[in-house]
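*Asks:* Chains A and B, in that order, are what the protein sequence lines are. Residues 1 to 343 (the UniProt record's numbering) are what the first sequence spells out, left to right. Residues 1 to 343 (the UniProt record's numbering) are what the second sequence spells out, left to right.
It does not matter which identical chain is used: a pair holds within one copy or between any two.
Heads up, simulated DSBU-like pairs for lysine-lysine below, C-alpha to C-alpha not over 30 Å straight-line:
{"hint": "1", "residue 1": "K60", "residue 2": "K103"}
{"hint": "2", "residue 1": "K58", "residue 2": "K5"}
{"hint": "3", "residue 1": "K58", "residue 2": "K87"}
{"hint": "4", "residue 1": "K9", "residue 2": "K58"}
{"hint": "5", "residue 1": "K125", "residue 2": "K103"}
{"hint": "6", "residue 1": "K30", "residue 2": "K87"}
{"hint": "7", "residue 1": "K5", "residue 2": "K60"}
{"hint": "8", "residue 1": "K58", "residue 2": "K125"}
{"hint": "9", "residue 1": "K5", "residue 2": "K30"}
{"hint": "10", "residue 1": "K9", "residue 2": "K30"}
{"hint": "11", "residue 1": "K58", "residue 2": "K103"}
{"hint": "12", "residue 1": "K87", "residue 2": "K60"}
{"hint": "13", "residue 1": "K125", "residue 2": "K60"}
{"hint": "14", "residue 1": "K58", "residue 2": "K30"}
By construction, these hints were calculated from the structure, which means they are not laboratory data. Computed from a prediction, not measured in an experiment: that's the story for all the values here.
2 protein chains.
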Amino acid sequence: MATIKDVAKLAGVSVSTVSRVLNGSGYVDKTTEERVLSSIRSLNYQPNRIARSLVTRKTKTIGLILPDITNPFFPEVVRGAEDEAHKRGYNIILCNSDWDEEKEQVYLSVLQQQCVDGVILVGTKLSESYLVSIAATFPPIVVIDRTIALDMHSISSNNIQGAYAATGHLLAQGCRIIGHISGPEQSVSARQRMQGYRQALDEAGIPFLPELVVGGDYRMTTGKAAAAELLRRSPQLEGIFCANDLMAIGALEQLREASFRVPRDVAVVGYDGIAMSRYVYPPLTTVVQPTYRMGERAIQLLFDSIERNQPEFQHIELEPLLEIRKSSTRRACDENASRSRHR
Amino acid sequence: MATIKDVAKLAGVSVSTVSRVLNGSGYVDKTTEERVLSSIRSLNYQPNRIARSLVTRKTKTIGLILPDITNPFFPEVVRGAEDEAHKRGYNIILCNSDWDEEKEQVYLSVLQQQCVDGVILVGTKLSESYLVSIAATFPPIVVIDRTIALDMHSISSNNIQGAYAATGHLLAQGCRIIGHISGPEQSVSARQRMQGYRQALDEAGIPFLPELVVGGDYRMTTGKAAAAELLRRSPQLEGIFCANDLMAIGALEQLREASFRVPRDVAVVGYDGIAMSRYVYPPLTTVVQPTYRMGERAIQLLFDSIERNQPEFQHIELEPLLEIRKSSTRRACDENASRSRHR
DNA sequence: CTCCCGTGTGGTAACGTTTTCATAGAGGTA
DNA sequence: TACCTCTATGAAAACGTTACCACACGGGAG
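Modelling step: build the complete structure from the supplied sequences, incorporating the hints.
*Replies:* Have a look at this one:
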């Protein structure tokens, strides 16, 4: 690989001048510039980013830590982030933490050594106090899918509102006995979705029954088991609101195996709006989160922090959107074949 | 951030000694080592990878270029690669090329500037000659999902064999008029799958009819349209072998909308084994590719090239596996659908 | 006694950039 | 003429490591 010195030698100038041409900084004569550029071309020179990073202390690299890229909620977040990063000349380093705090910490430390310019944490399990404590020695951090009150960027969607809309929809479909398969207890968003569920029941004057809530962990198999448990506890069940789509899909499977008809016997609503939700049978009503936008916005926030040096921390809350499909439309469930929206 | 100099000063030794402790290279006295280690701890020192990379010319970073992380075939490949990379102390830089040759080239160049130690190309559209031509000036490259004959690592699964098994399965189910929704023409794997399809028909003594093949591009909507076209051309259709699962899922949707029963009227088989395939209705028979393993093996190959300096290029071919589900089993297809509960 | 080798340590030149400072000519102004 | 400013350029010091070389000490072999 040719270096800046080779270019300088070939063009008959000093490395300083080549550097100035490269960065468009300082004065450089028109004709020398052309000479330099042609040397660059003929040597097929590409500046070494590592060397550049060492002196500028910027790597144009952003670390993205998420639980598991295999989980269909995350790829779109990543895509949003990567697209936006690429536009701005940044690269993304991907890390899978498996919802494991320790692994998250390891990755954070690796990223710090790697001198990334920023970090995006999706669905982190790290405590707010820990995050705030490391923020001082870290490049800017954006937390997605979790609201951090203090000195840190965060992006989330309004889980309470989304869950409230989902449960409200089930009520509007005539369901009165509505179960909830919740997310993991430590998860803030899971708790918020539960809260939205309770709030909707409250406002409809329906008492909250603890036995109608089964704890899950966002995985498909758990959703299936939870649905079975729910049916065991309350055979009269009319609707299930699941804290995410994967569990809802597991629930659909259980219902089918137990010969319940969806939505006629039991209506089901999920959460997240993963691509798969549209193609299960019956197509799953779900609360769509703006995942792509979340990744995109995260990069924008980091960019503002890094390049514009904007110190104010932003807490962005995006709106989730209830997308009604067949799994919950009891009124018009048989005749109305193509009511679902296509994007 | 503390540097190696700070550590050296605090421990009362030279930077060389600290470096030796850090890398476990050369002689260093037991007690000095402890003194250095405790200085490292008390300063919370972390070696700067950028500086290290500049001199060692190794970044412990691997670039992974794929078409679109949002496409459910890829996350598992990425996960396999990332897990294996993490074990070995490497990081992954993720790039989405959108099946766009130009974007692939841009990313390759960026990765080269970034001095990655290796590159994984998944489903690249770049020509073999181009790849071979850049290989000389590049870090080691592994091509996944494409066999490169020449001087380059490659990992693929046997597409002909997989497609042959899929089509053979449809024949075994009694299908005689079997359509094929193919992948993009430029794609080698797509052509191979077509070849396996033809071969199976051949051996069963069934003539190959060009009108039973509709060209697709691996996307769901195309699969849907292609299925419609296939039904228009040949209403007697008994089976469809799709070159990937997404198109198969699109086909299922079309068949449902056109009131064909799957698998009784038309049996459907997909390819890839994406997670979603299990949860559509009816569950999709598919040729499962060992995606996780492909990513994993790719890293192993790169690792051998980088650290062990093994020069021989390997062409690994993994076995795909036909996973039979309801979308193609014509014998026992009805019972489940009509067993709904009445109360 | 001398030589050599194993051990332990420090000094310093890389690595490929950017950045800061110095220099110098050209042209304008007082 | 003397001085300043603008333009154009080069030299050299960073950036934080590793790697190479030099040196010193002790002890065993000859």
